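Colleague: Using the sequences and the accompanying hints, generate a full structural model.
Protein chains in written order, with the numbering used here: chain A, 1145 to 1402; chain B, 317 to 389.
Worth flagging that the hints you see were computed from the coordinates, not collected in a lab.
These numbers come from a predicted model, not from an experiment.
Watch out, some of these pointers could steer you wrong.
What the hints assert, rightly or not - Here's a subset of chain A near chain B, in silico, CB distances under 10 Å, partners left out:
hint, residue
1, Ser1343
2, Val1357
3, Val1360
All residues carry an ideal CB built from backbone N, CA and C; glycine is no exception.
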Amino acid sequence: MNFLQISQSIPDLKPDILFNVGGFPVTNTMTLTWLIVGLVIIFGVLLKKSLRLKAKNKIQLIVEMIIEAMLSMLDQVTQKRERSKKMLPIIGSVFLFFVITNLITLIPGLTSIIVNGKALFRVPTTDLNLTLALAVLMIGLTQIVSIKSKGVLNHMGEYIQIKQVYLGFKKSIGEGLTAFINFVMGLLDIIGEFAKIISLSLRLFGNMFAGEVLMVVMMSFSAFVAPSILIAQTLLVGLLQAMVFSILCAVYLNLSYN
Amino acid sequence: MELSPEAAKYIGKGIATLSMFGSAIGEGYLIGKALEAIGRNPEVSGRIFPMMILGAALAETSAIYALVIALII
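Modeller: Quick look at the structure:
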């Protein structure tokens, strides 16, 4: 092994457990997640204090720009300004959270702090638990919104289309059979909801974890110059995957409104 | 001939990577079509380009699933 090649072990799928709090394991992804959440909350509270109608400090202008950009992105999905304003708090915060968690890997040395032989921090999105939890939350939210805007029976009727079958057979046999096919398709939509959760969570997790693994492989191959390409790619992929996650959530939420 | 579990594992990993075929074909088709559309009317390139990037990220998903499977094996 020469100085050009740095060999590390390929990161494990599951994060290391640092300590237990009342039988509840605290992992190294959780520490970084809560650190980020805390910092964002402090930033928000501090910014709220210095908000002015005519912005004087640059930070307020930057935040306004980001929010405006997110609103125009949501407008492309919803086509309605009021609805995108309604969806901005949840979609925007998910987007910002994932942007920060994905890009925090660019801070040098952050994931190399070792305490008791275990890394203190690990990039949160390289843990399937976080992405799966957020995907379950977002799909659960779409179900709640759907029930709220259409009523329980209409919402259930989307998956179990027994009414359309009845109406179709009343008209003619042919229409009844098409309605029956739609009925089976509606049942498949129930599986589709679970597929949404799996695809949302695995997409983000897979991309970020692949980045980590590729970085380790690249480091053992050549530790200089070559990884910089991968770091630049991480910048792109991190932003892109955060965008994909939040836009897909926005699309699902928008579908559940009408 | 006896196949050791270790060898079978590596063969499985190799087979899992085959799904990248589909992902690559899809991505190439998508980007080609997007460039065609931009070539036809360049004014809307600002709207097509972000959609293309989004689509490429979605098309990449199947390859990512393959990677997850290869890592789990």
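Colleague: Answer holds if the nearest beta-carbon of chain B is closer than 10 Å to that of Ser1343 of chain A; otherwise answer violated.
Modeller: Nearest chain B Cβ about 7 Å off; hint holds.
Colleague: Is the shortest C-beta separation between Val1360 of chain A and chain B less than 10 Å?
Modeller: For Val1360 of chain A, the interface hint is violated, since the closest Cβ of chain B sits about 12 Å away, which is over 10 Å.
Colleague: Does the closest beta carbon of chain B sit nearer than 10 Å to the beta carbon of Val1357 of chain A?
Modeller: With a minimum Cβ separation of about 7 Å from chain B (threshold 10 Å), the hint on Val1357 of chain A holds.
Of the numbered hints stated above, the single one contradicted by the structure is hint 3.
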